[in-house]
Every structure is written in structure tokens, then in C-alpha cells.
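Input sequences plus hints: build the corresponding full structure.
Protein chains in written order, with numbering that gives the first Met the number 0: chain X, 0 to 243; chain Y, 0 to 275.
Hints in this document: simulated from the structure, not taken from any laboratory.
Computed from a prediction, not measured in an experiment: that's the story for all the values here.
Among the clues, some could well be false.
Distance condition first, Cα-Cα at most 27 Å in a straight line; then the derived BS3-like pairs of lysine-lysine [stated by the list, open to error]:
| no. | chain 1 | residue 1 | chain 2 | residue 2 |
| --- | --- | --- | --- | --- |
| 1 | X | Lys-90 | Y | Lys-102 |
| 2 | Y | Lys-102 | Y | Lys-175 |
| 3 | Y | Lys-120 | Y | Lys-102 |
| 4 | Y | Lys-120 | X | Lys-18 |
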Amino acid sequence: MNGSLATAGRVLAQLRNDKRTIGLILVVPCVLMGLLAWIYHDNQPQLFDRIGPALLGLFPLVVMFIVTSISTLRERRSGTLERLWTTPVTKPAFVAGYAVAFGVMSALQAVIVVAFSIWVCGLDLQGQVWQLVVVAVLTALLGTCLGLLASGFARTEFQAVQFMPALILPQFLLCGLLVPRDQLPRVLHWVSDVLPLSYVVDAMKSLATSSDAGGDVARDCAVLVGFIILAVVGGMATLRRRTP
Amino acid sequence: MTVEELCVDRGGRPVLDHLDLQIPAGLVTGLLGPSGAGKSTLLRAIVGVQMVRSGTVTVLGQPAGSAALRRRVGYLTQAPSVYDDLTVEQNLRYFARLAGVAKDRVGEVLDQVDLTGEGRKLAGRLSGGQLSRVSLACALVTDPDLLVLDEPTVGLDPVLRRSLWRLFDDLAASGKTLLVSSHVMDEAARCDELVLMRDGGLLAHESLDSLLERTGTSDAEAAFLALIDGAGDRQPEPRRLEPGADGAVDPAAARSAGPRRGVASSGRHAQDGDQR
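Right under this line is the structure:
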């Protein structure tokens, strides 16, 4: 417990010392949402209402994936992780520390980008705003845990960045944003069933189009939590106290 | 601390081969040998982060790396392992907090490593020598009973090296056990006991005085060479050192330079260490 709080505090302190990264995490999604709203502004504003919420799920996934995979890879390579394993901190506490710190960051990101989308870009949301924020935070946590997992398979920062297109872009293609999932070829539909981003986009679509989406969103969130647990367990398995 | 029959492979090749060693408590033991001798691997095995093939390492009565030991062992990695994007104090406070140590230790250890007044600087802005002392301070901050230090004095100026060795002596006098590696043979004079390593095996384990007497030499480097020449006569074992990992001891160059002692001669070795 103490180890995870200390680690979360340390990761947040690292972020605080790096104002530019904070700016990128918080501002870039807003700029992208603004751009999207602008693209559709004159001709198809209803399309923004359909796609906007889904992208609110994609941004935290991508940003947190990159931030976590790079920062844990830096720990592995700089020797700080090796030193940590000689201290009382445990693996679950270490992972929880990262999840808490980036969870705080992603909650902040979600609140800001959702507020910006609704009040500045005029996003018309049928469902509850707080549910949108919950889904966005869960997605960010998923990104954190997938990033941790990916960093275990990358030897260099260069490789870690390459994992982003390898792991995230296929999910983007199959998540139902380009073609609704039930219109995909059957095999691809099956594949999309086991990809977490599909459930994020499902939940976001329900929130965009229905004022009574609570049940659907809860189900999608439960699936997301399952994916998060899987990714945490997998990510923890890549952490070894003893290395060759 | 006891090491028994320790075998470690790295990259499919044996790095430590049936190593036996006992380190006495309350002394400064120097682990000396050229780079590539297996010093870091041995230290990693002692702090419990090295995968080992066989053998046992017992530290303060417990198996190396066990949870109870993690509050009692301080480890300094060879390359400084601190968070560049944290200030010096933030680094120290983190490691203190992980071990449940009070924050006032932070100021104390900053004094000990001669970094008073640098606490608010970002670690990434410090010079290499300062950074390695922050890394040392992170190992000291938990007030461990055993300090395992992998080349703590590499690249430091002579005055700082002297003050660190005095610190090590003080710590040993207060009952701590220190195991300090170095590939600079002059540092042998600073240690209570010496462990000389080469090619994953032990060459000697005794005090400097008895080593010099036994080999009839006047400094540690000459004694090291005498031991290698002696071992070579008895058992012509092929060198396992890889070609790239040139040891700090180049026999021909060392002989032509003659016996030497003191910090002035250490520049070349310090550079060797930085290359890794």
C-alpha cells in the first residue's frame, strides 16, 4: 500500500516536473476534437455527434499507452527498476502506483476534453456525461496496462513506440468506427469481439445516441474491466525481480 | 554473507563458475578485477536481482533477495540509477518512503555525499559525478546494514574519492558491512579486505598486506599480475574474456609503467569504466 502510494506520488512528481508532457496530454485531445468539429461543422454536424464520442475513447487509450510504455521502459533500461527490486516495493504495488498516477492524469484529461467537446464544440450527447467520463477513464487505465505489457516486449524506446501502431491501429480499424461491427466480414467480426476498443466504442455510441444507455454502458464497462485485469496480470508477468 | 558454489550464465556463457566466498561483517571489502571479470554479476546475485544457474547466496542469515532483506540491503548499480526528471530530494524521498524511513534522513545523506544545497536541482541537470553521488545517496538513505556498491568512485575527482572512502570507513566503524567493487587497483589500499576476481573466478581473498607479502610485490596491481602469472604456470586455462571487453589491466603496459600507487595513475582505468 505504502509502496503504491509512494510510487504514484513519484510518477506524478515526474510529470509535474515535465510541464510540456502535461500540456500534451491535456491539450492535444482538445485540439483534435476541435479539429473534428470544424471538419464537420458546415455539412454534417450530426456526424460529429456520432464519431466524436468514439474518439473520446480512442485518445486516452493512445496517449496513456504511449506514456506508460515509454516510462516503464525507461525504468527497465535506466537501472531504476533493478534498484527498486532490491527495496521493499512489491510488483503489485509498483503496477498499482503507475495505474493510480496515470489514472489521475486520465481522469483529468477525460474531464477537460469532455467539457471542451460539449461546451465549446457543441457535441450533442444523449446519455449521461459522467458515464462518458467513467468510460474514458477506464479506457485510459486500459491504455496504461497495455502499455506496461508492451514495454515488457520492447528492448528499446524505438520498439516501444512501434508497438502503438501494432497494437492500437488494428483495434481502431475494427472497432466499428469505420464500418459498423455487425457489417464486418464474419471473421473480422469475431476478431473485433475480442478487442477491447470495440467495447469502448460500443459504450460511447450508446451514450451518443440513447438517453437510456446505462445498462449497455455498464456491460461494456464490465468487459473493459476484464481486459484491464488481463493486461495487468500479463504486464506484471513481464516484471521480474531476477533478470539474466 | 556467504556465497557457495555460485554459477551464473549470461548470454549462454558462464560468467561465474562455482564461486565460493565469505564476506565478513563490519568491514569494507573491496571487490577488484578488470571489467568483464564478473564483479557486477556477483554483486547482482548478492542483492538478489541476478538469475543464477546454481549455488546459494546467503546474506545476513537469509537467502539473497528475500523480502526481509530488502530493508537491510542498499544497492548501488554501476550506472547511476536515479530519476532524471525528479529533483535530488524527490529521488531520495521516494527511496526513503519505500523503505519507511523518515524524511530527515534526506538532509543527512546529502551531507554525507557532499551534495548539500543541490537538493532542489533536477537530477538530469547534474554533472556525471554529482549524479553518481545522488545514486549512492539513494542507497544510503535507508540506512542499510549491508551496502553493495558497484564502482561508486568511478569518474570522481581525487578529493571526492578520498571523502567517500572515509565515509565508507565510518560506516564500517559503525557496524555496517560494505562490499565495494572497483576496477582501479589503487583503491585496494582503502579496503580492509580484498577479493580479487578474474574471468569469473577468485584469484585471492585476503588483506592487502598479506597479499603483498605473499606475492612479494609492492602494490595491488603488481600483485594481481603476479597471481595471474602464477596461475598461468599451474593451470593453462584459456582466457574466457571476450575480445571487446578489454580488461583494465594490460599486462605489457602495466609492466613497462612499473609499480605505481596513488590516484594519479587511475585516469586510464576510470575511462575504461565509462565506456561500458
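Okay, which hints does this one fail, numbers in order? Hint check: nothing fails, all pass.
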